[in-house]
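Enquirer: Chain Z is fixed; fit chain X with the ligands onto it per the hints.
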Amino acid sequence: MTTNDEAIEIKNALKVYKGDTDVYALNDVSLMIKKNEFFTLLGPSGCGKTTLLRLIAGFEHPTSGTILLNKEDISLLPPNKRPVNTVFQNYALFPHMTVGGNIAFGLEMLGWSKSEVASAVDEMLELVKMQDLKNRRPAEISGGQQQRVALARALAPKPQVLLLDEPLSALDLKLRKQMQIELKRLQSETGITFVFVTHDQEEALTMSDRIAVMNEGKILQYGNPRDIYHHPENKFVANFIGDSNFLLADIQNGNAVLTDGTELKLSKENKQVSNGQKSILIRPEHVQMSKAKGSKKAFEGKISNIVYFGTDTHFHLELKTGDDFTIRKQNTPNEGTDFEIGAVVELTIDENAIQILND
Amino acid sequence: MARSSLFNRPFEIKRIPSFQSIALFTFVGLYGPIIILITYSFNSSASLGVFESFSFQWYITAWENEKVQEAAFRSLYLAATAATIATIAATMAALATTRTKKFRGMTLIFVIINQPLMIPEIVTAVALLVFFAMIKIATGYTGMLYLIIAHTAFCIPFAYLPIRARLESMDLTLETAGADLYATPWKTFQRITLPMIWPGIIAGYMLAFVISLDDVVISEFVKSAGQETLPTYMLGQLRRFITPETNAIATVNIAVSVILVSGFFLLTQRKK
Ligand SMILES: Nc1ncnc2c1ncn2[C@@H]1O[C@H](COP(=O)(O)OP(=O)(O)OP(=O)(O)O)[C@@H](O)[C@H]1O
Ligand SMILES: [Mg+2]
Chain Z
1 MTTNDEAIEI KNALKVYKGD TDVYALNDVS LMIKKNEFFT LLGPSGCGKT TLLRLIAGFE
61 HPTSGTILLN KEDISLLPPN KRPVNTVFQN YALFPHMTVG GNIAFGLEML GWSKSEVASA
121 VDEMLELVKM QDLKNRRPAE ISGGQQQRVA LARALAPKPQ VLLLDEPLSA LDLKLRKQMQ
181 IELKRLQSET GITFVFVTHD QEEALTMSDR IAVMNEGKIL QYGNPRDIYH HPENKFVANF
241 IGDSNFLLAD IQNGNAVLTD GTELKLSKEN KQVSNGQKSI LIRPEHVQMS KAKGSKKAFE
301 GKISNIVYFG TDTHFHLELK TGDDFTIRKQ NTPNEGTDFE IGAVVELTID ENAIQILND
Chain X
1001 MARSSLFNRP FEIKRIPSFQ SIALFTFVGL YGPIIILITY SFNSSASLGV FESFSFQWYI
1061 TAWENEKVQE AAFRSLYLAA TAATIATIAA TMAALATTRT KKFRGMTLIF VIINQPLMIP
1121 EIVTAVALLV FFAMIKIATG YTGMLYLIIA HTAFCIPFAY LPIRARLESM DLTLETAGAD
1181 LYATPWKTFQ RITLPMIWPG IIAGYMLAFV ISLDDVVISE FVKSAGQETL PTYMLGQLRR
1241 FITPETNAIA TVNIAVSVIL VSGFFLLTQR KK
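Sequence order for the protein chains is Z and X. Residues in the first sequence are numbered consecutively from 1, following our numbering. Residues in the second sequence are numbered consecutively from 1001, following our numbering.
Okay, chain Z solo, but in the shape it has when bound (with noise of 0.2 Å):
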């Protein structure tokens, strides 16, 4: 269960690698991480995931800004010296031990007795379910299996925060969805808060208590997964979790107006919203379709292409106002076959399904 006490704190931290021309890695990110709570950095490559996970384990320090860890400042502390532990991308397991040795290895550097060592191990290889290849060498078990002795060796040691960059990305997919289960149960069982880095919006979803949106070196906004994808606040947000419908508008008093004078309805809380032009998000399962009953003010599109996808179908129509907008619908076992290439349909929105985006 999460609470409200922070693990981590991140206080406008700036990391900056001098070149050529400075790479801005980090640029002012202030973040704050709950105790056992499965929290997501999301972004795409080069977004600065990493960099901000190196920075909290201690490989690399901030150029300003401060870490706090139970709201003791860390930033400056070697990386031996901190309750972290990483789970790397491509495992960093130990080749020239065995897979107890590798989990052993940060308790005996802890000075944990041997038969404390011992019985750990024992029960982290249970905990991964790995009690059989104890003995192996990291080179003769599968990618999957060096997943589970890499968790192992990292949790051992009862760390504050486990740090996961990109741990499922080089598995197959299969094997990725068992290891998402598995991690979260992993999380629960222990209680340790993992930071958890993908650039795989589903992933992030489904897996997360909350997650960190970031872009070019900042967090771009944070939240739960419902929060996210409900209620982006910006067109880059809305496009990398999800798909999405972008449309020019101008706020009226409570409508948003489209280019070609169509009134939309918006929803109490956007009612607040001052006039102007915005970009407003529509998601594409938030749509109903019907027949077009030729009213004059009705929010209309011509379909100009289906796509069928076996649990969805999804029509793309062109608007009135010229945009391109897509439209997902579950399908059923009574299909008709209303809606056909050409064919000019009505569009219902829920007032709630209307989103306006700060830029």
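Note that these hints are calculated values from the structure, not bench results. Every value quoted in this text rests on a predicted model; they were computed, and no experiment measured them. Among the hints, a few may not be true.
[To be verified] The calculated lysine-lysine pairs, modelled on PhoX-like cross-linking and capped at a C-alpha distance of 25 Å, are:
id, chain 1, residue 1, chain 2, residue 2
1, X, Lys1136, Z, Lys81
2, Z, Lys18, X, Lys1101
3, Z, Lys81, X, Lys1067
4, Z, Lys134, X, Lys1187
5, Z, Lys296, Z, Lys278
6, X, Lys1187, Z, Lys114
7, Z, Lys18, X, Lys1102
Expert: Okay, now just chain X with the ligands, sitting in the frame of chain Z:
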């Protein structure tokens, strides 16, 4: 048909005209003399022309020759000492040139380390002769230290290259993982880096050992009176007359080198 098959077939070195005779010539040129030398080391007579019968006689003669014993012991002592110092220095140099951020003068260090590979040995030998002569006059010391220093210097690049190769192929995240798992930098080196580069260190040591053991030119110039190593002793013998005893010593020398160099290749070959 014949034409197209000529063009379709991949290039094969064996199809170059006279490839086989060149290969044969090379093998005979390389190994012929050595095989003859080894054969005659087992000759029971002192003749270099006629092989009478098989015997270990010359090995026994050499073994019982006090001068050979002394030179052999000196050579081994020198090779062991020089290779040890050179390997330690080479390991530190290899760590400094692969584990630190690129710094000014890194290339210079690389050049300095590998200098013995580039400057003709005879030039180094003469330079050392002159340099050590000055020190000998100034201090009066004429011990083994000169040979040890000289051998250490030219052994370093041979020890350095395999160690560096090993370090460069090692995944740096392993050291990061060590630090992440509460190991101090020294513990990380001890428990992770050192075991991983150990084959490179042994290989470097073996190569340095062979190079020192086989050296003639620098030893000949640097040694003080009475400090014969096995190769300089053999050279001295050859100046007077060739005896099968020299063949026997040379054969033993070849055997030691072959064993060490084979060991070197086994260790540097990457297992996967
Ligand atoms: N050591 C370094 N020196 C210079 N620039 C660096 C260094 N490390 C990272 N960068 C730059 O900092 C930026 C952020 O890199 P980072 O590795 O954090 O990205 P990422 O979000 O983890 O990307 P990916 O998903 O591809 O792993 C990139 O532009 C990268 O090129
Ligand atoms: Mg990364």
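Enquirer: Under the criterion that the straight-line Cα-Cα distance not exceed 25 Å, is the pair Z:Lys81, X:Lys1067 satisfied?
Expert: 61 Å, violated
Enquirer: Compare the distance between the alpha carbons of Z:Lys296 and Z:Lys278 with 25 Å, and conclude whether the hinted pair is satisfied.
Expert: 24 Å, holds
Enquirer: Hint check: X:Lys1187 vs Z:Lys114, CA-CA at most 25 Å. Holds or violated?
Expert: 18 Å, holds
Enquirer: Run the distance test for Z:Lys134 versus X:Lys1187: straight-line Cα separation, threshold 25 Å.
Expert: 23 Å, holds
Enquirer: Does X:Lys1102 lie within 25 Å of Z:Lys18 when you go C-alpha to C-alpha?
Expert: Since the Cα atoms of Z:Lys18 and X:Lys1102 sit roughly 14 Å apart, the hinted pair holds (cutoff 25 Å).
Enquirer: Would you mind confirming whether the straight-line C-alpha gap from Z:Lys18 to X:Lys1101 stays at or under 25 Å?
Expert: 13 Å, holds
Enquirer: Within 25 Å, alpha carbon to alpha carbon, are X:Lys1136 and Z:Lys81?
Expert: 53 Å, violated
In summary, the structure is inconsistent with hints 1 and 3 from the numbered list given earlier, while agreeing with the others.
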